[in-house]
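**Student:** For reference, the chains in residue letters:
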Amino acid sequence: MLLFWVVIIPVLAVALSAVLPARSRGAANLAAHGAVFVLAAVLACRITSGTGVVVFGGVLRADALSAFFVLLISLVNLAALAYSRPYLREDIRAGALSPGQARGYDVLFNVFAATMLVVPLLDNLGHMWVAVELTTLASAFLVGFYNTKASVEAAWKYVIICSVGITLALLGTVLVYYAVAAQTAVKTLDWSVIMSRASGLNPRLMGVAFLFILVGYGTKAGLAPMHTWLPDAHSQALTPVSALLSGVLLKTSLYAIIRFAMITNKAMGADFTSRLFIFFGLFSVAVAGIFLLAQKDFKRLLAYSSIEHVGIIVFALGVGTPLAVFGSMFHALNHAVTKSLVFFAAGNAVKKYKTHHLHMIHGLVQALPFTAAAALVGLLSLVGMPPFGIFMSKLMILSACFQKGLYAPAALLLFFLAVVFGALMFHLSASIFGNKPKGIEFGKEALSMKLVFVSLILLLVFLGVMMPTPLQALLVSASRLIAGEGL
Amino acid sequence: MTLFLLTGIMILTYAMLVCQRVPALIQNFRLQSLFLFLVTLDFAFRQKEAGIFVVAGLLLLVKVVLIPSFLNHLVKKIRVDERLGLFLNPLLSLIAALFLTWGASVFCSWFLGTSPTAVFAAFVVSITVVLVGFFIMVFRMKALTQIVGLLVMENGIFLLASAITGGMPFFVEIAIAFDVFVCAIITGIFMYRINKVFTHIEVHRLTDLKG
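Order-wise, the sequence lines are chains C and H. The opening position of the first sequence corresponds to residue 1 in the numbering used here, with each subsequent residue numbered one higher. The opening position of the second sequence corresponds to residue 1001 in the numbering used here, with each subsequent residue numbered one higher.
Everything labelled a hint here was simulated from the structure, so no lab data went into it. Owing to the predicted nature of the structure, the values given are computational and were not obtained by experimental measurement. Beta carbons: idealized from backbone N, C-alpha and C, even for Gly. Please note that a few of the clues may not be correct.
[Unchecked claim] The list that follows gives simulated cross-link-like pairs (lysine-lysine, DSS-like), each with its CA atoms no further than 25 Å apart:
#1 C:K149 with C:K352
#2 H:K1048 with C:K149
#3 C:K296 with H:K1076
[What the hints assert, rightly or not] If the Cβ cut is set under 10 Å, some of the chain C residues that face chain H in the computed set are:
#4 E133
#5 L137
#6 A140
#7 V152
#8 L168
#9 L171
#10 V174
#11 K187
#12 F291
#13 K296
[Claimed, not checked] Facing chain C, from chain H, some residues (calculated, C-beta under 7 Å):
#14 V1106
#15 E1154
#16 I1157
#17 A1161
#18 I1164
#19 T1187
#20 R1193
#21 L1209
Isolated chain C (complex conformation) (with noise of 0.2 Å):
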């Protein structure tokens, strides 16, 4: 029942969104999101013990990296959630909107939420296929809201290029399918049979397979090079949105891709998606580091910086150690908590300078203290400085690759890190520190948008120092998953 109601609730929330009146709208989102995050929580503890849960007769299915994807989206969606209420309200007032386009705005994320927290649920590899499709779909919406002519070509260059993206996965899960109806002659898009009856399939056909599903899922996790739509997406987006995007939307893809990589890793061996994963791990971490160093905009910059972490996380999936596929999982939902904070401060920062342009955003701390304290904080555990969660990500990631022995690839990704490290250092201290421009008043922050960053600040620093026993439960069994029971 507790998959029912987490896949159930978002779906309310659209209709309540529908009709209820702005004040009420607002509690009653609040409600369903710190709902579904609870019942993500209790699923993530009862499921550990490693054996998946299933209802109505397999459509709906969670094992331990399901119940981890789900924990993770919905603690990005409430956090979101909780931000967009006062930085909408703040538009409202400046007339950037109307309370009419405020609920469309209520009613579009839910069905983005909803379809975010399905896809790690769906145990069919086809219905997966469209609930992904679908995000796209219902975030597209929301990235061209502004209707500007910018965001026109954002949304539009993001619709057109990850449905192409997709089309080819779509290609892919067909291959897989055909492989599986040739050799065993049992016609199933079910992941759970497919896995079991994986060690048979025809390596070759599952390895065209899963070109295809990593170039096309991996256009939407924003991989490079397929990853040219999610700068403009990201930056043009709803802040909140934004946050989505970068912290979720990309980790739903890299979960369709972790899918189909165990089938072919059974099917094939280990190293040939080993090899890919790093490959084009490696090529996203060096394609951001080259881009933010010239980079001008500032939500472009930290664009950038979701590609070099998605390619970290999937750089640590190809190394594939338990430790590894461990510090792959955490480094994701460290990513998607400190990508949250960073862009809340970066909207407050835009809304308050009224500019995307980084050489005229400078003397934050003076502008917004407040905003400037989260936005440091955030950039030293995006850089990946001690205390914070992403230092330990990124440390368990790298001994990971010595212990394995791939000196090289350990070598060229310090590099790529360091480039990364100078980039933002040099970008968002500059606009952090210094004196602020004429005609910008000194301002605060709603108590409410204090208290989203305060308690994103404060989950940094616990996950950083402590890992609660059952997310370290949880992360075990997800990585036991997806490395295979035998390592």
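Given chain C's structure and the hints, the job is docking chain H onto it.
**Tutor:** Positioned in the frame of chain C, the structure of chain H alone reads:
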């Protein structure tokens, strides 16, 4: 029968590259979808499964009737220049498509090994349709051609699914058909918006966002 239908799809796919005007391209897409419907119907008769008949009916409704009519309606409404804007002229496009077909056949013989001619032909035709769809997206200028190109790619994958595996599971087919329909509507709406804010729908001129 299957080979005849596959040939029809092949000819229509090539014909798409010769189209110079928007309505012709949409009409061509409609015909291609009709042939896809016939392939599915043929299959349904041979398998005698109720599910496949439903899928075929849905295909007829969504891809032959609804989506092309919606696109035609949009084109009339935004009243832009009807020319497609070719980056590559029809003759060169056709030659490129021939090479794509050849590539598809090499690729398929590489990984299928020995298999019945019908399966092999279906594989090659489907992959060619996917590649040509992608080609249309890249080498034609209008936003509308990108929508049609995407739909053509999806047609190719649908053909692959029904020709080599006898169709995906019933509920997956239904969900995908729904998804394609929603995708066409939403991209259509965005094309309308592009025309409104930019007063044209030429994708290569959307270059505000860079770097």
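**Student:** Starting from the hint list further up, note which numbers the structure goes against and sort them upward.
**Tutor:** Structure breaks hints 2, 3 and 14.
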